Amino acid sequence: MRKKVVLLGDEAVGKTSLVRRFVMNSFDDRYLSTIGTNMYKKEIQVPSEKWPISVHMMIWDVMGQKNFDIVVEPALKGAHCVILVCDFMRKSTFRGLSDYWIPRVEKFSPGIPMCFLSNKSDMLEMAQFSMEEVEELASQYDSLSFSTSAKTGENVEEAFQKLGAMMLNVVVEGRRGK
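Okay, so the sequence shown: first residue is 9 according to our numbering, each after it adds one.
Quick caveat, the hints were computed from the structure, so don't treat them as lab data.
Among the clues, some could well be false.
[To be verified] Under the rule of at most 20 Å between Cα atoms (straight-line distance), these lysine to aspartate or glutamate pairs were calculated in the DMTMM-like manner:
#: 1; residue 1: K159; residue 2: E81
#: 2; residue 1: K85; residue 2: E57
#: 3; residue 1: K115; residue 2: D150
#: 4; residue 1: K99; residue 2: E166
#: 5; residue 1: K74; residue 2: E57
#: 6; residue 1: K49; residue 2: E166
#: 7; residue 1: K12; residue 2: E166
#: 8; residue 1: K74; residue 2: D107
#: 9; residue 1: K49; residue 2: D36
#: 10; residue 1: K115; residue 2: D77
#: 11; residue 1: K11; residue 2: E166
#: 12; residue 1: K12; residue 2: E114
#: 13; residue 1: K159; residue 2: E57
#: 14; residue 1: K159; residue 2: E114
#: 15; residue 1: K170; residue 2: D36
#: 16; residue 1: K170; residue 2: E143
#: 17; residue 1: K170; residue 2: E57
#: 18; residue 1: K170; residue 2: E144
#: 19; residue 1: K50; residue 2: D130
#: 20; residue 1: K11; residue 2: E165
#: 21; residue 1: K12; residue 2: D77
[To be verified] For each label pair, taking beta carbons as the anchor points, the in silico distance ranges come out as:
#: 22; residue 1: E141; residue 2: Q73; range: 23 to 29 Å
#: 23; residue 1: M131; residue 2: P60; range: 20 to 26 Å
#: 24; residue 1: S100; residue 2: M9; range: 34 to 40 Å
#: 25; residue 1: S100; residue 2: M32; range: 17 to 23 Å
#: 26; residue 1: S62; residue 2: G119; range: 24 to 30 Å
#: 27; residue 1: I78; residue 2: D107; range: 17 to 23 Å
#: 28; residue 1: E141; residue 2: K58; range: 37 to 43 Å
#: 29; residue 1: K50; residue 2: D130; range: 32 to 38 Å
#: 30; residue 1: E140; residue 2: P82; range: 21 to 27 Å
#: 31; residue 1: K99; residue 2: F35; range: 22 to 28 Å
#: 32; residue 1: E165; residue 2: K74; range: 27 to 33 Å
#: 33; residue 1: I61; residue 2: M134; range: 35 to 41 Å
#: 34; residue 1: K115; residue 2: A20; range: 19 to 25 Å
Quick caveat, the model's predicted, so the values are computed rather than measured.
Yeah, the Cβ is synthetic: ideal placement off N, Cα and C, and Gly gets one too.
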């Protein structure tokens, strides 16, 4: 089963770091600005009642600069799920999900399942918002939410595994959310 997953969120929230942690199990402290879209692939095994099902994820890491619908719209075309990423260290990135990114998803790919990742959980002592706030936002869309750290790997694999299971539920049962 092939599934297209799109990562959206403001610049420097850690989208590229999260996908690199998931796909290559690596982390680099240097900031790498995404220009346009980068694509990654990874196959995961999703448990099912009878046997594991292979899900081939095509992960589109989209640049975080706003007002580039010319990049966002084609990235969302044909997507099976969107991962919305914010940075615990910057409240503006959390507000940006509701103010900017979710409206783009609803405009270009209405009804698509979403998953919310709050990144940089390794620095929670400096957090500007709580995971409860993210969970509340995710619940409005019947979506998954995770506190993650691309640096330590915390919840990264789990988030993508649950995402794979969620997409499988959409195919098998026609359910959108968790």
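Now for the hints, and whether the structure bears them out:
1. The straight-line distance between the Cα atoms of K159 and E81 is roughly 29 Å, outside the 20 Å bound, and the hint therefore fails.
2. Distance hint between K85 and E57 is unfulfilled; the C-alpha atoms sit about 31 Å from each other, more than 20 Å.
3. About 18 Å separates the Cα atoms of K115 and D150, which keeps this hinted pair within 20 Å; it holds.
4. About 24 Å separates the Cα atoms of K99 and E166, which puts this hinted pair outside 20 Å; it is violated.
5. The straight-line distance between the Cα atoms of K74 and E57 is roughly 42 Å, outside the 20 Å bound, and the hint therefore fails.
6. A hinted pair counts as satisfied when its Cα atoms are at most 20 Å apart, and K49 with E166 qualifies at roughly 17 Å.
7. At roughly 18 Å between alpha-carbon atoms, K12 and E166 fall within 20 Å of each other, so this suggested pair holds.
8. At roughly 11 Å between alpha-carbon atoms, K74 and D107 fall within 20 Å of each other, so this suggested pair holds.
9. Distance restraint check for K49 and D36: the Cα-Cα separation of roughly 19 Å lies within the 20 Å cut-off, and the hinted pair is therefore satisfied.
10. For the proposed pair K115 and D77, the alpha carbon gap of about 10 Å is at most 20 Å, so the pair holds.
11. Annotation: proposed proximity of K11 to E166 holds, straight-line Cα distance about 17 Å (limit 20 Å).
12. Only pairs whose Cα atoms come within 20 Å are accepted, and K12 paired with E114 is accepted, the gap being roughly 17 Å.
13. Proximity of K159 to E57 is assessed by CA-CA distance (about 34 Å); at most 20 Å being required, the pair is judged violated.
14. The suggested pairing of K159 with E114 is violated, with an alpha-carbon distance near 31 Å, which exceeds 20 Å.
15. Only pairs whose Cα atoms come within 20 Å are accepted, and K170 paired with D36 is rejected, the gap being roughly 25 Å.
16. With a C-alpha separation of about 15 Å, the suggested pair K170 and E143 falls inside the 20 Å cut-off, and the hint holds.
17. Restraint check: the Cα-Cα separation between K170 and E57 comes to about 15 Å, which is no more than 20 Å; the hinted pair holds.
18. A C-alpha spacing of about 18 Å is found between K170 and E144, which places the hinted pair at or below 20 Å, so the restraint holds.
19. With a C-alpha separation of about 25 Å, the suggested pair K50 and D130 falls outside the 20 Å cut-off, and the hint is violated.
20. Annotation: proposed proximity of K11 to E165 holds, straight-line Cα distance about 16 Å (limit 20 Å).
21. Between the alpha carbons of K12 and D77 the distance comes to roughly 18 Å, so the proposed pair stays at or under 20 Å and holds.
22. Separation of E141 from Q73 is about 24 Å and conforms to the stated range, judged on CB atoms against 23 to 29 Å.
23. For M131 and P60, the hinted distance range of 20 to 26 Å is not satisfied, since their beta carbons lie about 35 Å from each other.
24. Take S100 and M9: their Cβ atoms lie about 36 Å apart, and the range 34 to 40 Å holds.
25. Distance hint check for S100 and M32: the Cβ-Cβ separation is about 29 Å, which falls outside the suggested range of 17 to 23 Å.
26. A C-beta distance of roughly 25 Å is found between S62 and G119, which places it inside the suggested range of 24 to 30 Å.
27. As the Cβ distance of I78 to D107 is approximately 20 Å, the hint placing it in 17 to 23 Å holds.
28. The hint said 37 to 43 Å for the Cβ distance between E141 and K58, and at roughly 39 Å that hint holds.
29. With their beta carbons about 23 Å apart, K50 and D130 fall outside the hinted range of 32 to 38 Å.
30. Checked against the hint of 21 to 27 Å, the C-beta distance between E140 and P82 comes to roughly 35 Å, which is inconsistent with it.
31. About 24 Å separates the C-beta atoms of K99 and F35, a value consistent with the hinted range of 22 to 28 Å.
32. A hinted range of 27 to 33 Å holds for the C-beta pair E165 and K74, which are about 29 Å apart.
33. For the pair I61 and M134, the beta carbons lie near 40 Å from each other, so the given range of 35 to 41 Å is met.
34. For K115 and A20, the Cβ-Cβ distance of about 24 Å falls inside the hinted range of 19 to 25 Å, so the restraint holds.
Consistency with the previously given hints fails for numbers 1, 2, 4, 5, 13, 14, 15, 19, 23, 25, 29, 30, ordered from lowest to highest.
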